[in-house]
Amino acid sequence: MTRRISWSAVLWLAVGAAYFLIPLVALLLFSLRDGVTGKCCSLGSYGEILDDPQFVKTLRQSFVLSLETIALSLLLLVPTVYWVHLKLPRMRPVLAFLALVPFVVPPIVLVVGLFDLYRDTPDWFFAQPYGFLVAAYVILAFPYVYFSLDSGFRSIDVHTLTEASQNLGASWRTTLLQVILPNVRAAALAGAFLTLAIVMGEFTIASLASFDTFPIYIQYINQTKAYPAAAVSLMSFGITWAAMLALLVVGRGRAFQLGGNR
Amino acid sequence: MAEGSRLGEALATTVDTAETPRPAHAGRGRLSLAWLGIAPFLLYAFLFLFLPAGQVLVGAFRDQAGGYTLSNIGTLFQEPYVTAYRNSIEVSLVTAGAGGALGFLIAYAAIREGTPKIVRTVLTTFSGVAANFAGIPLAFAFIATLGSIGIVTQFLADLGVDLYGNGFSLFTKTGVEITYLYFQIPLMILVIAPAIDGLRREWREASANLGASPFQFWRYVGAPILTPSLLGAMVLLFGNSFAAYATAYGLTAGGVNLVPITIGNFLSGDVLSNPHLAQALALGMFVVLAVMMMIYVPLQRISSRWVR
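The listed protein sequences correspond, in order, to chains A and B.
One point on numbering: in our numbering, the residue at position 72 of the first sequence is 72, and numbering is uninterrupted.
One point on numbering: in our numbering, the residue at position 213 of the second sequence is 213, and numbering is uninterrupted.
These are computed hints drawn from the structure, not numbers from a lab.
All values reported here derive from a predicted model rather than from experimental measurement.
Just to be clear, a hint being listed does not mean it is correct.
Said to hold, decoys possible - Lysine to aspartate or glutamate pairs mimicking DMTMM-like chemistry, simulated, CA-CA at most 25 angstroms apart:
hint	chain 1	residue 1	chain 2	residue 2
1	A	Lys39	B	Asp162
2	B	Lys117	B	Asp197
3	A	Lys39	A	Asp51
4	B	Lys173	B	Asp162
5	A	Lys39	B	Asp158
6	B	Lys117	B	Glu205
Said to hold, decoys possible - Sample of chain B residues lacking proximity to chain A, with all beta carbon distances greater than 12 angstroms (derived):
hint	residue
7	Asp63
8	Tyr68
9	Ser71
10	Leu76
11	Thr83
12	Leu93
13	Val94
14	Lys173
15	Trp203
16	Ala212
17	Gly222
18	Thr227
Virtual Cβ for every residue (Gly too), placed ideally from N, Cα, C.
Next comes chain B alone, as it looks inside the complex (with noise of 0.2 angstroms):
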């Protein structure tokens, strides 16, 4: 479970916090001193953050004898490696477009007016729940729903739909879709639900007084201001989806062809292989999840003008 979903949740809060300069009260002179204070920390996350991605990065690129090659990235562009990578860019953009199109549907139904208080603290409280309910648990969850004697499975059938005969199975690539947006949901709601706030009354009061109609309220004022916003959330549910790979497990033990599955099946030793491939892959996810990175970053400084 401490998967893709914390993370995210973390990283929404993270760029505007980084910003705030404060007066800097040590003079120069005493700055190199100043470092050994955190010195340890430093070190603990060289060593254990630091080195096991540079490993990664220049693992890569060696081969068995040791010598360096680039033929480990070139196996990335092979089957089943090419199929991985595609599947996982599907399923992160399919749960981060749903998710966020769900989530910001039922963020927006919480928070605007005339709905009751109380649903946004049980929205938002529920939501912190849901986007930490990831993992083995939530796999089992959802087996216990639609799997093929699944609660829901079982209620249709007695309906006389038959899921699993039509074609429907949860231990594919759908199935770990609809799972994830278990996570992908929550987390958006609470991305989006201060980006909402934002979204004065007072904006739509003096457009309506202006003879706005709702659309052009939305077309002129409220889409320029959130979109922003949306995009950057949306961007945080890709990479949250990407990263993840214990949900994945839990439904499918292995089965789907996801590149962190890959890599779990890869370290497990179920797959007997060149370990630099394995380090490949890895560093394929790390590409991807950089230029994430530096798409949501510029998003969340321009949308973080508009909250609060």
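Next comes chain A alone, as it looks inside the complex (with noise of 0.2 angstroms):
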């Protein structure tokens, strides 16, 4: 039995695509204003971005920290899931507990105590985005690796792997290397490209700490010039429409960690 839509489900997509397209379209549009004439079409305004040695030095700077945030993630977190899967079941709810407290402490609350913490910390620490900032990222994204990590290890036999490879002679560095990162491979992947998404446009606390990265960038464009604004903020949806289908693809269609749509 097929059913034909129904006009209010149509009346309703409409809505939300119009909501939704029609700012993306302004972008577009304003991107291809010609600088000088404001009249379309021209593709100054990316010409203009891409030639800017700021623009590079910014979006390499802040794809520098993603990688040392997704490093430091998952250092931290393979070890301590793999870990509470195998020796600490009872110890899952408390974990999963501590990731909930980033969404009651969120970047603006968390970054007026780490400052009072660390600013008299010595400047290789406080001064540089690679200590002070990928600290605090960690933080941010811990939630979301760990839940990926945590539903990633929960599909597999930890028990039997971790038996399985010690009793052939593996020590435990062989068995997380070998036999369970392979296995979890899917679910560090999806943590790391949703850290990506999270670093690539983390603006509040690079912005008071003042960091120089590619939303603080995007920012000083904002504020300086329309047109090429429009095109670098359209790139910026372009990195987060990469991370996201990336996230899609590794979890095959099926382990969209996003929203709870499983």
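Can you join these two chains into the complex? Each is in its own frame, and there are hints to help.
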């Protein structure tokens, strides 16, 4: 029995599509305006952004920060989640509770405390994005990486894999790196792409701590040049798309870790 | 952009994953050593999450001289801070209500019988991206749309409707609300879709076979089952909007009186004053979000009964 699509469904989908597409179309039209005449169509704004050394510099900065955050998060959390599943199953609710704390302590609250605590630490930590910012970003990424890894570990038999590996004489390191890790690769990658999207777009802490990351650059362009600002905003949207699509591909369309849509 | 929105999404997945108990393989005696395995992570979380949070909680009750005081908390109830809280709560209520309603209607339109399957796939993928497209670039997308020389503003002007002449401005509370909906609606779609899936087709057919009208189906079956999910999702949207900073900052450059913006102005040194006041403001946010969480978790537990 197939039914025709109902009129009210068409109406609401059209409302949604209009609300979501119009700002993107506006960005596109803005970005194609000529810098001098304000008329369509010119790729000059894109050229201006791509030629700006600050663009390349801040984009690379944010990308390196993402990689560092991903590495540190996985280094901390893969062994932790593995160990909890293997030896401390009673700690799982505790870790899940810990992962809720960042929702009650959002970045704007966290940064107040971080400033107070770490303002007087040595420059190699507090004054460096690779120190202070990454330390904070690992906390921002923690819930996403944790829940992603936790569902990954739930879908494999940790005990059997570990026992089999150790019966064959493998050390803990070999077990973790060559047996467990390949089995939770998809979950680890999903966490990594979410972290990438978070760090590439993080504004609050970077701005208040005065670091020059990619979102800070976008804000600077927004305040100074209207048409290139549209171009760079659209590029940032593209980065979000890429990270989310990568997430979909990694999960093979099934484990879309967002929004509980499993 | 690492904004409330993304936190909200992960939060939506959290509670049910925490519950399933597994048999404990470790004996009690070995537990003491097994603890060491998670010590590095706990230490990290202590240093960069709990210590800073504790610092805020304690600092809010400190004065400049280092003694304890309630005066910072008292200041929160004076202008302009009361208005900041009122504005933040109002923006969060409006965007949770409107975003929740629109998100539900759009999600239901995509999932209900008769709509091609592909619509749902496209909608979910797009919502995943849009819910993450927040912050500075989102603010600029709305400036290009509804700013004083935005595409829609100019289009309406050509039709003879002068938005800004009629008192509208994107750089106000209303503008912030319109912009926040861009990540609130997709978040609602992502969170509510599994609950709509839980509303099984057989139930509708059964009630129709028993002679129920569509209204009776919604009144006695649909609404009671969906209500906890809808409320939970809206509470989530509330917190999502309450914690957001970057989008409002990108729109108004710190000019709108919201709590996160006020805290930001304190930290960036635009306002020279008692640093403990920033901690008191942050404590206020913490309290509101903690209340939100205490409402959300039980609702999520009730609604997860029907999901899947």
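Verification of the hints:
1. Our distance criterion of 25 angstroms between C-alpha atoms is met by A:Lys39 and B:Asp162, whose separation comes to about 22 angstroms.
2. Of the pairs offered as hints, the one joining B:Lys117 and B:Asp197 holds, with about 13 angstroms between alpha carbons and a cut-off of 25 angstroms not exceeded.
3. Distance hint between A:Lys39 and A:Asp51 is fulfilled; the C-alpha atoms sit about 21 angstroms from each other, no more than 25 angstroms.
4. Only pairs whose Cα atoms come within 25 angstroms are accepted, and B:Lys173 paired with B:Asp162 is accepted, the gap being roughly 19 angstroms.
5. A distance of roughly 16 angstroms separates the Cα atoms of A:Lys39 and B:Asp158; the hinted pair therefore holds under the 25 angstroms criterion.
6. Under the criterion of a C-alpha separation no larger than 25 angstroms, the hint pairing B:Lys117 with B:Glu205 is consistent with the structure, at around 20 angstroms.
7. The Cβ of B:Asp63 sits about 15 angstroms from the closest Cβ of chain A, beyond the 12 angstroms cut-off, so the non-interface label holds.
8. The beta carbon of B:Tyr68 sits about 16 angstroms from the closest Cβ of chain A, which is more than 12 angstroms, so the claim that it is off the interface holds.
9. Consistency note on B:Ser71: stated as away from chain A, and its beta-carbon is indeed over 12 angstroms from all of that chain's, at 18 angstroms minimum.
10. At the 12 angstroms boundary, the C-beta of B:Leu76 stays outside the reach of chain A, the nearest C-beta of that chain being 14 angstroms off.
11. For B:Thr83, the non-interface assignment is confirmed: its Cβ lies about 18 angstroms from the closest Cβ of chain A, beyond the 12 angstroms cut-off.
12. Residue placement check: B:Leu93 keeps its beta carbon more than 12 angstroms from all beta carbons of chain A (closest about 18 angstroms).
13. The Cβ of B:Val94 sits about 16 angstroms from the closest Cβ of chain A, beyond the 12 angstroms cut-off, so the non-interface label holds.
14. The Cβ of B:Lys173 sits about 18 angstroms from the closest Cβ of chain A, beyond the 12 angstroms cut-off, so the non-interface label holds.
15. With a cut of 12 angstroms on Cβ distances, B:Trp203 stays outside the contact zone with chain A, its closest approach being about 16 angstroms.
16. The non-interface label for B:Ala212 is consistent with chain A: the shortest C-beta to C-beta separation is roughly 18 angstroms, beyond 12 angstroms.
17. At the 12 angstroms boundary, the C-beta of B:Gly222 stays outside the reach of chain A, the nearest C-beta of that chain being 15 angstroms off.
18. Listed as outside the interface, B:Thr227 is consistent with that label: its C-beta sits roughly 18 angstroms from the nearest C-beta of chain A, beyond the 12 angstroms cut-off.
Checked against the numbered hints given earlier, this structure breaks none of them.
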